[in-house]
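Based on the hints, put chain B in the right spot on chain A.
Number of protein chains: 2
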Amino acid sequence: MNEISIGLLGLGTVGSGVVQIIEDHQEKLMYQVGCPIKVKKILVKSLDKERAIEVDPSVLTTDVNDVLFDPEIDIVVEVMGGVEQTKNLLIQALNNKKHVVTANKDLMAVYGSELLTVAAENGCDLFFEASVAGGIPIIRTIVDGLASDRITKMMGIVNGTTNFILTKMNNGGASYDEVLKEAQELGFAEADPTSDVEGLDAARKMAILATLGFSMKIDLADVSVQGITGITEEDLQYGKQLGYTMKLIGIAQEDDGKVEVSVQPTFLSNSHPLASVQNEYNAVYVCGEAVGETMFYGPGAGSLPTATSIVSDIVVVMKNMRLGVNGKSAISPQYQKNMKSDAEIFSKYFLRLQVSDSIGVFAEITSLFAEHNISFEKILQLPIQKRVVAEVVLVTHHASKRDFEDILGRLRDLQSVKNIKSCYRVERSTGN
Amino acid sequence: MNEISIGLLGLGTVGSGVVQIIEDHQEKLMYQVGCPIKVKKILVKSLDKERAIEVDPSVLTTDVNDVLFDPEIDIVVEVMGGVEQTKNLLIQALNNKKHVVTANKDLMAVYGSELLTVAAENGCDLFFEASVAGGIPIIRTIVDGLASDRITKMMGIVNGTTNFILTKMNNGGASYDEVLKEAQELGFAEADPTSDVEGLDAARKMAILATLGFSMKIDLADVSVQGITGITEEDLQYGKQLGYTMKLIGIAQEDDGKVEVSVQPTFLSNSHPLASVQNEYNAVYVCGEAVGETMFYGPGAGSLPTATSIVSDIVVVMKNMRLGVNGKSAISPQYQKNMKSDAEIFSKYFLRLQVSDSIGVFAEITSLFAEHNISFEKILQLPIQKRVVAEVVLVTHHASKRDFEDILGRLRDLQSVKNIKSCYRVERSTGN
Numbered sequence: 001m002n003e004i005s006i007g008l009l010g011l012g013t014v015g016s017g018v019v020q021i022i023e024d025h026q027e028k029l030m031y032q033v034g035c036p037i038k039v040k041k042i043l044v045k046s047l048d049k050e051r052a053i054e055v056d057p058s059v060l061t062t063d064v065n066d067v068l069f070d071p072e073i074d075i076v077v078e079v080m081g082g083v084e085q086t087k088n089l090l091i092q093a094l095n096n097k098k099h100v101v102t103a104n105k106d107l108m109a110v111y112g113s114e115l116l117t118v119a120a121e122n123g124c125d126l127f128f129e130a131s132v133a134g135g136i137p138i139i140r141t142i143v144d145g146l147a148s149d150r151i152t153k154m155m156g157i158v159n160g161t162t163n164f165i166l167t168k169m170n171n172g173g174a175s176y177d178e179v180l181k182e183a184q185e186l187g188f189a190e191a192d193p194t195s196d197v198e199g200l201d202a203a204r205k206m207a208i209l210a211t212l213g214f215s216m217k218i219d220l221a222d223v224s225v226q227g228i229t230g231i232t233e234e235d236l237q238y239g240k241q242l243g244y245t246m247k248l249i250g251i252a253q254e255d256d257g258k259v260e261v262s263v264q265p266t267f268l269s270n271s272h273p274l275a276s277v278q279n280e281y282n283a284v285y286v287c288g289e290a291v292g293e294t295m296f297y298g299p300g301a302g303s304l305p306t307a308t309s310i311v312s313d314i315v316v317v318m319k320n321m322r323l324g325v326n327g328k329s330a331i332s333p334q335y336q337k338n339m340k341s342d343a344e345i346f347s348k349y350f351l352r353l354q355v356s357d358s359i360g361v362f363a364e365i366t367s368l369f370a371e372h373n374i375s376f377e378k379i380l381q382l383p384i385q386k387r388v389v390a391e392v393v394l395v396t397h398h399a400s401k402r403d404f405e406d407i408l409g410r411l412r413d414l415q416s417v418k419n420i421k422s423c424y425r426v427e428r429s430t431g432n
Numbered sequence: 001m002n003e004i005s006i007g008l009l010g011l012g013t014v015g016s017g018v019v020q021i022i023e024d025h026q027e028k029l030m031y032q033v034g035c036p037i038k039v040k041k042i043l044v045k046s047l048d049k050e051r052a053i054e055v056d057p058s059v060l061t062t063d064v065n066d067v068l069f070d071p072e073i074d075i076v077v078e079v080m081g082g083v084e085q086t087k088n089l090l091i092q093a094l095n096n097k098k099h100v101v102t103a104n105k106d107l108m109a110v111y112g113s114e115l116l117t118v119a120a121e122n123g124c125d126l127f128f129e130a131s132v133a134g135g136i137p138i139i140r141t142i143v144d145g146l147a148s149d150r151i152t153k154m155m156g157i158v159n160g161t162t163n164f165i166l167t168k169m170n171n172g173g174a175s176y177d178e179v180l181k182e183a184q185e186l187g188f189a190e191a192d193p194t195s196d197v198e199g200l201d202a203a204r205k206m207a208i209l210a211t212l213g214f215s216m217k218i219d220l221a222d223v224s225v226q227g228i229t230g231i232t233e234e235d236l237q238y239g240k241q242l243g244y245t246m247k248l249i250g251i252a253q254e255d256d257g258k259v260e261v262s263v264q265p266t267f268l269s270n271s272h273p274l275a276s277v278q279n280e281y282n283a284v285y286v287c288g289e290a291v292g293e294t295m296f297y298g299p300g301a302g303s304l305p306t307a308t309s310i311v312s313d314i315v316v317v318m319k320n321m322r323l324g325v326n327g328k329s330a331i332s333p334q335y336q337k338n339m340k341s342d343a344e345i346f347s348k349y350f351l352r353l354q355v356s357d358s359i360g361v362f363a364e365i366t367s368l369f370a371e372h373n374i375s376f377e378k379i380l381q382l383p384i385q386k387r388v389v390a391e392v393v394l395v396t397h398h399a400s401k402r403d404f405e406d407i408l409g410r411l412r413d414l415q416s417v418k419n420i421k422s423c424y425r426v427e428r429s430t431g432n
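Residue numbers (my numbering), protein chains in the order written: chain A, 1 to 432; chain B, 1 to 432.
A couple of the hints might just be wrong.
Identical copies go unnamed one by one, so any copy, or any two together, can satisfy a pair.
To be verified - In silico BS3-like cross-links for lysine-lysine, where the CA-CA straight-line distance does not exceed 25 Å: (1) Lys217 x Lys28; (2) Lys97 x Lys38; (3) Lys28 x Lys258; (4) Lys49 x Lys97; (5) Lys97 x Lys319; (6) Lys153 x Lys28; (7) Lys337 x Lys28; (8) Lys28 x Lys319.
Keep in mind that the hints were calculated from the coordinates and are not lab data.
Just chain A, same shape as in the assembly (with noise of 0.2 Å):
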């Protein structure tokens, strides 16, 4: 190999730090690959447009044919985003036997089990280290660092946006909408924030990540989704009496060779390493059955740092044309799906409720619980101010998931409970 020639697909803020890195850290990488790298193609929407950094002219196509036949281009980077579009140009370019790295976690998401298997079947690597939390090698981590491990749990701050905005309304004492103005207005926040809010971001990288971790092939279907529209200032406050700061956690735990993924906001002990995540950060936090709990902690997004991921994607997959090994990741999923039923998913709960004041209410909420053999593990009983109603939170120790929501609609229909104001699941450190 004299000369490894790379395509790119797309030259926005990522793209551009791609261009960027390679042609700063040239000397750098030619030391651990052996050859020059060279961007060759690049292909762009408009050849006028003006950019952050400066690019040869003769580079810039608007065909993307140019990139896709290009005998002598080895690569193919995407960072145009887009999925059905997007999909297909990808699975051309494997077929022209060319190599793939994208930081597309939408793609990847839903198609990624299809293009890996077309990049098996063409001999090529297909990477993706950049489409979960950007500047976290977590990808990497996951199948090659514990790769003489077993992981039996995964748990993940992987959306900024909903991470920034939790951490100001735990600060700040601020409401959701008017902190999600702020986010919006620093742009940590999209006009429609629909897909960060809702969880479903958050629950594509949990896809993903699943199904490198347990080698199951985890659909977004699979993950329980739900997102942190819902949560107020009191159950903040609520929860730092308790000890517990609020994140939306994406949560992939393997227990018997059966597997739970799921999104949701989650008060943590203050203890949990998580729970110290701030701002637009990411984290993953990962359970080995030999190493033990371990976490990565970065940048989620942004230009660089998620252009350094696909520069790490690019070393891999030059190292593998030197081996001769390109396409033989073990990425694809080994075992059949097997996801946990409802009865099977175990945590804790935190429980806020609204009730009437007077005798025995407690004893009839109370029981409830004992029916279903769970005990508390904290119970917070309120002043009552000016009103009728008392504020009770309670914590339980484990509780299936099928129990504790049998007992929630059984709470709904009794007369002393007024309202259900909150339930969060909530999850300490193991080792903390």
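Coordinates of chain B only, in the frame set by chain A:
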């Protein structure tokens, strides 16, 4: 390659972990490297000793030459400890063209450069992932993952014993001596804890990290070291009031090509990612120019976590064997060492003084700081209880080490300053 043969020096807890992981994950490992791995010889002190794992007796030997001179052995794994004698054995192994994987931080901190030179001369790999922060793949992250980035700062909690002690002191309000005793009983501290509590163990690891991260040969003697034996419960209480957590922090920082490396008790703002690292856990915080702030958290010691890192190193050696690129890791220092002077090391400081309770004292003290253009971020004056001295806590903005030490000297000379109770570096996260 039909088979890779490994020779093990030592079969203690970590060595047993290595044997166990290789056995348990044979299939996964073979998938990654394309051929089986076999532990061919193990050097032990006694053939008859009872062991935690079952090993074919014919594999055991008490003669080190059975490992070093066996032409079939490709990789020597050193998990026996020791420095001088062990160095000579590993040089012999490298001269016999055997790749070396070691978990020995004492050895690597002192003879790392020499051993890496011998390895390169022989075209052999020398890897030592397990020597820093046991189960955390921090060395690989620095060397490979950030190959397309430039590291500007590393901060580490790299000693589990001291972190355990400080966590307990912080949570329980117990004294250093009480907690040390508890740590010794639980096996988290040695009978002679000097190397841990005086910061030497952490300094060795920071020398290794700084050498790799800045590509300069940083010796143990270049690391300024202060241990935790002088920390009192009162210090921790004051820190809490100010929103700080006390940790033993290794700092390696580069500015304009000049480097500082130190280990010292440090107050971290509670929002710093390292502040919530509890008990015996380790974590390394890495700032890269492109990637920004990242942190890697996990167990710093233990049989299986450490063995996991060793097996990861073995996998890389084997991949390199297939690539024919052994001995070419870019870990030999590229740059001339260039340490900062005290005038170039900047930090915030926490300073706790006992002063006489008389008019003008505060002006006298603060004017010393004003002379050096150092202003204050926080000032805490405590109510005087039944004594004639008042306690004052000052937190400065950034000051050079030289200026600050000059001020300390002059404070000692002041009549009104009865006692300099304590003085710590203060660090906060840039991103939080």
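Do the hints match the structure? See the list:
no.	hint	verdict
1	Lys217 x Lys28	between (36 Å within a copy, 18 Å between copies)
2	Lys97 x Lys38	within (18 Å within a copy, 36 Å between copies)
3	Lys28 x Lys258	between (44 Å within a copy, 20 Å between copies)
4	Lys49 x Lys97	neither (31 Å within a copy, 56 Å between copies)
5	Lys97 x Lys319	both (16 Å within a copy, 23 Å between copies)
6	Lys153 x Lys28	between (35 Å within a copy, 19 Å between copies)
7	Lys337 x Lys28	between (42 Å within a copy, 19 Å between copies)
8	Lys28 x Lys319	both (14 Å within a copy, 20 Å between copies)
Comparing the model with each numbered hint stated earlier shows that hint 4 is the single one that does not hold.
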